[in-house]
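Q: In the working numbering, the protein residues as written are 4 to 237.
No wet-lab data here; the hints were simulated from the structure. From the three backbone atoms N, C-alpha and C, an ideal C-beta is built for every residue, glycine too. A couple of the hints might just be wrong.
Said to hold, decoys possible - PhoX-like cross-link-like pairs, simulated, lysine-lysine; straight-line CA separation at most 20 Å:
1) 200 with 99
2) 212 with 119
3) 99 with 201
4) 212 with 201
Stated by the list, open to error - Here are the computed distance ranges between Cβ atoms for each label pair:
5) 122 with 208: 31 to 41 Å
6) 214 with 45: 21 to 31 Å
7) 183 with 43: 36 to 46 Å
8) 145 with 233: 34 to 44 Å
9) 166 with 46: 18 to 28 Å
10) 94 with 35: 51 to 61 Å
11) 43 with 156: 16 to 26 Å
12) 139 with 214: 18 to 28 Å
13) 94 with 159: 30 to 40 Å
14) 39 with 176: 39 to 49 Å
15) 92 with 166: 18 to 28 Å
16) 234 with 166: 33 to 43 Å
17) 230 with 39: 20 to 30 Å
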Amino acid sequence: MATTGSNSIPHSSTLVPTCSSTNSNHHTSKMETTYANQATKIGLVIALYWAVSISMVFLNNVWWPSWPAGRCPLPPVHPFFDMFPRFEVKVDVALKCLPLSVVFVGMIVFNNLCLKEVGVSFYNVGRSLTTVWNVMFTYLMLGQKTSPRALLCCLFLVVGFILGVDQEGETGELSVRGVSYGVLASLFVALNAIYVKKVLPVVHDDSWKLTLYNNLNAFLLFIPLMIMAREHEM
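Using the sequences and the hints, build the whole thing.
A: Written out as structure tokens, the structure reads:
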């Protein structure tokens, strides 16, 4: 009987690590599934952003030169805007959002100027420095450091930009003005993301309200630019 009792003790003790091992494996599998779901969502969002961005580039390139001066291709949408609540403008909030609006206007202007001067294929090369500017301004303005791997990727982007400019020059279609506009456009795109993060607390983290104030400021800023460019005479 003593022998039987001594044999039963090791046998029961061996069940404990087996159960804990099973629970640990289940927990690890659950974490991997959650990480995979998050990675899939992020990948889909980035893919959708790319699709919309590239589609807008092609549409602007095709439609913009063919639009008659002074005409808008959109039908009247006044009944649509009646569904939205009344928008109350506060001057102090609008002034605090003004730096973001200046950057936003610069982004729109230089994006369109770059697209006007270069082809669609080189347009994305000209604006490829956005990530590099983003990393730089994130460190200078927000004090956030970037991992060495991300910095290595930025180095590849710079090399790719230089090669793209070199190959465009080999074909004889290089536009120095277009490249300059592309670099400035990528700079303002990076600044826009930084200023959105800085100005968002002014409107209590309400992205819709920030969009309204930003567009209102941009509308007013575009008026003198249109007069200086004499677009009102077209």
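Q: Next, verify each hint and record whether it holds.
A: Hints and how they fare:
no. : hint                     : in the structure
1   : 200 with 99              : holds (13 Å)
2   : 212 with 119             : violated (32 Å)
3   : 99 with 201              : holds (10 Å)
4   : 212 with 201             : holds (15 Å)
5   : 122 with 208: 31 to 41 Å : holds (40 Å)
6   : 214 with 45: 21 to 31 Å  : holds (23 Å)
7   : 183 with 43: 36 to 46 Å  : holds (39 Å)
8   : 145 with 233: 34 to 44 Å : holds (39 Å)
9   : 166 with 46: 18 to 28 Å  : holds (27 Å)
10  : 94 with 35: 51 to 61 Å   : holds (52 Å)
11  : 43 with 156: 16 to 26 Å  : holds (21 Å)
12  : 139 with 214: 18 to 28 Å : holds (26 Å)
13  : 94 with 159: 30 to 40 Å  : violated (46 Å)
14  : 39 with 176: 39 to 49 Å  : holds (44 Å)
15  : 92 with 166: 18 to 28 Å  : violated (48 Å)
16  : 234 with 166: 33 to 43 Å : holds (36 Å)
17  : 230 with 39: 20 to 30 Å  : violated (54 Å)
In summary, the structure is inconsistent with hints 2, 13, 15, 17 from the numbered list given earlier, while agreeing with the others.
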